[in-house]
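Now for the letters of each chain:
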Amino acid sequence: MANILILLFNGISEGALYFLMAASLSVILGLMGVVNFAHGTLFLWGAYVFRWVYVYIFPNNFILAIICATLAGFLIGLIFEKVFISRVYGNIGAQIMITLGLSIVFTELVRVIWGPSALVVGRPPMLAGASHLEFDFGTVIISHYRLFVIIVGVVVAVLGHFLLTRTRVGMTIRAGVQNSEMVGALGININRYFTLVFAVGGALAGFGGALFAPLSTTITPLSGNQFQLMAFIVVVIGGMGSFVGSALGSLFMAVMIALIGWTIPDISLVAPVALMALILIFKPQGLFKWR
Amino acid sequence: MIMNKLANMDRLRWIELVLLAVAFIVLLIIPQISGAATITMVSRIMIFAVFAMAYDILRGFIGVIHLGFALFIGGGAYFVGILFFHQGATIPMLLLAVVGTTIYSAIWALIVGKISGKSGMLATAMITMAFSEIMRNLMTVWRTVTRGEDGIAFRVPAPFNDRTMMFYACFIFMILMAFVLYKFTKSPTGRVWQAVRENEQRAIFLGYNTARARTIALLVASIVGGLAGVMFGLNSRFVNTEALGMQMTYDAMLYSLLGGAGTLFGAILGSTVVILFQNFLLDLRPIHAIFERWLLFFGALYIVVVMFMPHGIMGYYNAWKEKRAQKKRMAKEAASS
Numbered sequence: 000m001a002n003i004l005i006l007l008f009n010g011i012s013e014g015a016l017y018f019l020m021a022a023s024l025s026v027i028l029g030l031m032g033v034v035n036f037a038h039g040t041l042f043l044w045g046a047y048v049f050r051w052v053y054v055y056i057f058p059n060n061f062i063l064a065i066i067c068a069t070l071a072g073f074l075i076g077l078i079f080e081k082v083f084i085s086r087v088y089g090n091i092g093a094q095i096m097i098t099l100g101l102s103i104v105f106t107e108l109v110r111v112i113w114g115p116s117a118l119v120v121g122r123p124p125m126l127a128g129a130s131h132l133e134f135d136f137g138t139v140i141i142s143h144y145r146l147f148v149i150i151v152g153v154v155v156a157v158l159g160h161f162l163l164t165r166t167r168v169g170m171t172i173r174a175g176v177q178n179s180e181m182v183g184a185l186g187i188n189i190n191r192y193f194t195l196v197f198a199v200g201g202a203l204a205g206f207g208g209a210l211f212a213p214l215s216t217t218i219t220p221l222s223g224n225q226f227q228l229m230a231f232i233v234v235v236i237g238g239m240g241s242f243v244g245s246a247l248g249s250l251f252m253a254v255m256i257a258l259i260g261w262t263i264p265d266i267s268l269v270a271p272v273a274l275m276a277l278i279l280i281f282k283p284q285g286l287f288k289w290r
Numbered sequence: 000m001i002m003n004k005l006a007n008m009d010r011l012r013w014i015e016l017v018l019l020a021v022a023f024i025v026l027l028i029i030p031q032i033s034g035a036a037t038i039t040m041v042s043r044i045m046i047f048a049v050f051a052m053a054y055d056i057l058r059g060f061i062g063v064i065h066l067g068f069a070l071f072i073g074g075g076a077y078f079v080g081i082l083f084f085h086q087g088a089t090i091p092m093l094l095l096a097v098v099g100t101t102i103y104s105a106i107w108a109l110i111v112g113k114i115s116g117k118s119g120m121l122a123t124a125m126i127t128m129a130f131s132e133i134m135r136n137l138m139t140v141w142r143t144v145t146r147g148e149d150g151i152a153f154r155v156p157a158p159f160n161d162r163t164m165m166f167y168a169c170f171i172f173m174i175l176m177a178f179v180l181y182k183f184t185k186s187p188t189g190r191v192w193q194a195v196r197e198n199e200q201r202a203i204f205l206g207y208n209t210a211r212a213r214t215i216a217l218l219v220a221s222i223v224g225g226l227a228g229v230m231f232g233l234n235s236r237f238v239n240t241e242a243l244g245m246q247m248t249y250d251a252m253l254y255s256l257l258g259g260a261g262t263l264f265g266a267i268l269g270s271t272v273v274i275l276f277q278n279f280l281l282d283l284r285p286i287h288a289i290f291e292r293w294l295l296f297f298g299a300l301y302i303v304v305v306m307f308m309p310h311g312i313m314g315y316y317n318a319w320k321e322k323r324a325q326k327k328r329m330a331k332e333a334a335s336s
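Those protein sequences? They're chains A and B, same order as listed.
So the first sequence is numbered by numbering that gives the first Met the number 0: it starts at 0 and just counts up by one.
So the second sequence is numbered by numbering that gives the first Met the number 0: it starts at 0 and just counts up by one.
Bound-form chain A, shown alone (with noise of 0.2 Å):
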């Protein structure tokens, strides 16, 4: 019991950082029909260039490495989308070609950088700790920085979706969604809209992999990976342009994976794209369907 609350918790800590990369993954995608491929490396830079400032810049300086790692991610957002995929706007087959690229160039990167071996990061000091719950079953035990991931996930969603639904850029964004033609015939320039989102898209990725890299004390140029796969999983199941089914898609996700991965761990990575597929078959619109 106290095994399966302490997997439970630590799953939903990673599904906030699913849901940091669906919730940009799904606005790209419900915009501006870009399968974004290239999500799960802004991840990665984000990543490193976390423990980049953090180790070298500005040493132990947890906030001003997180602000420069989101600023990362949202440069390479703003680059991709400006001098990239702007170009091929409307043509799937060659925006899937064009952000593999991309990814395939920038992880690269990272590795002449930063090496192609595993490095390790510490978690700042205070939130390395945790706190040991008693309970009747056993000792749960709760790790400060995972909690914090999950509560700055919460904090991303609330404002993510008030930003959507209650400002005017997010209305913009929102009727995008709906129909990015109308939205361009009605005198709105639908394009910079676009490269906004991208960018803000990639800030939130760079966001999550900084986030990340404390999380697992270990980062790879593979760490984008698993991420960009789950977020892509999340976005089908939340249905698109929407930041409140991402959050419910994402804790879905985290829930469904840690239980697999306590019963029959062999299917726990099959089980995730499998339900990509059914529901992509049978319910496409997505299971949490909210306007």
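Just so you know, the hints here were simulated from the structure itself, not pulled from any lab data.
By construction, the Cβ of each residue, glycine as well, lies at the ideal position given by its N, Cα and C atoms.
Derived lysine-lysine pairs resembling DSS-like cross-links, with alpha carbons at most 27 Å apart: (1) A/Lys-282 to B/Lys-117; (2) B/Lys-113 to B/Lys-185; (3) B/Lys-322 to B/Lys-182; (4) B/Lys-185 to B/Lys-322; (5) B/Lys-113 to A/Lys-282; (6) B/Lys-185 to B/Lys-320.
Here are some chain A residues the structure puts well away from chain B; computed CB gaps all over 10 Å: (7) Val-54; (8) Phe-57; (9) Asp-135; (10) Ile-140; (11) Tyr-144; (12) Phe-147; (13) Val-151; (14) Phe-161; (15) Asn-178; (16) Ala-184; (17) Leu-185; (18) Asn-188; (19) Asn-190; (20) Met-255; (21) Gly-260.
For the chain A half of the interface with chain B, some residues (derived, Cβ under 8 Å), not all of them: (22) Phe-83; (23) Leu-108; (24) Arg-110; (25) Ala-273; (26) Met-275; (27) Pro-283.
On the provided structure of chain A, position chain B as indicated by the hints.
Frame of chain A, contents of chain B only:
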């Protein structure tokens, strides 16, 4: 005057034929004059040329984005590997592998055909990607038979254990498959494929059974892709889960796009150029440390192809030929008037 122009017209055709004959003869000679590494590499190029041509049927002719195409090269290779490893490397087992691969590929084709008729292009892409990932994970988990990620190394039966014979087998295989696929694209069904790619709605209104056309395209492409997998297994004498990895699909996409989507034979050029480029980069590694990171340049190739040559080598060549023919026609009209 007109005779002169006719002679001019024919010159390009002549050059094409001569180049083709040269390529044919070079391919015939290669096993006699080069080492084992080159023979295996060129065999690999020819196998992947078939794989990419099959992919082009989907991407270039009917407009389905199949992100699970690794299902076929990996499936064929696994059929060969598992049967040879566990049941012995004999010709009957090879035949069994071919039959098994054909059935396996056909089943996937029918499933994907059913789904792609209903779902959009993007959903189909994601679903097929999920299928190949499911298959890869199953092969990883089924350790008693497949040895998981370590993969199985196996012997191959008599004529194919000789590198030279394997090379000629690949050569014949490529020519045969190119011929079969070409015949399909020129058949009435092939015409419907292009109608579907250009505008499915219109093709439906014109009374074509587009679902049937799509299923036929998927069947043809999947089975040919699966057979390429059988040859891939025979040539590498080894199979692991990488054969079912996404990279296989990405490779097929790159080969067919670089060669020219929708040109069929372009895929042969694409796989030749990319695999040679890949080997060239690998050879550069001792020269400078940056080439240890050869994937950097390989990834850049994806971007360059999409951004600067979206029609591929054959696409540009065909466009140039078309323009040249048009110019000639206009000159002829001007001369006659």
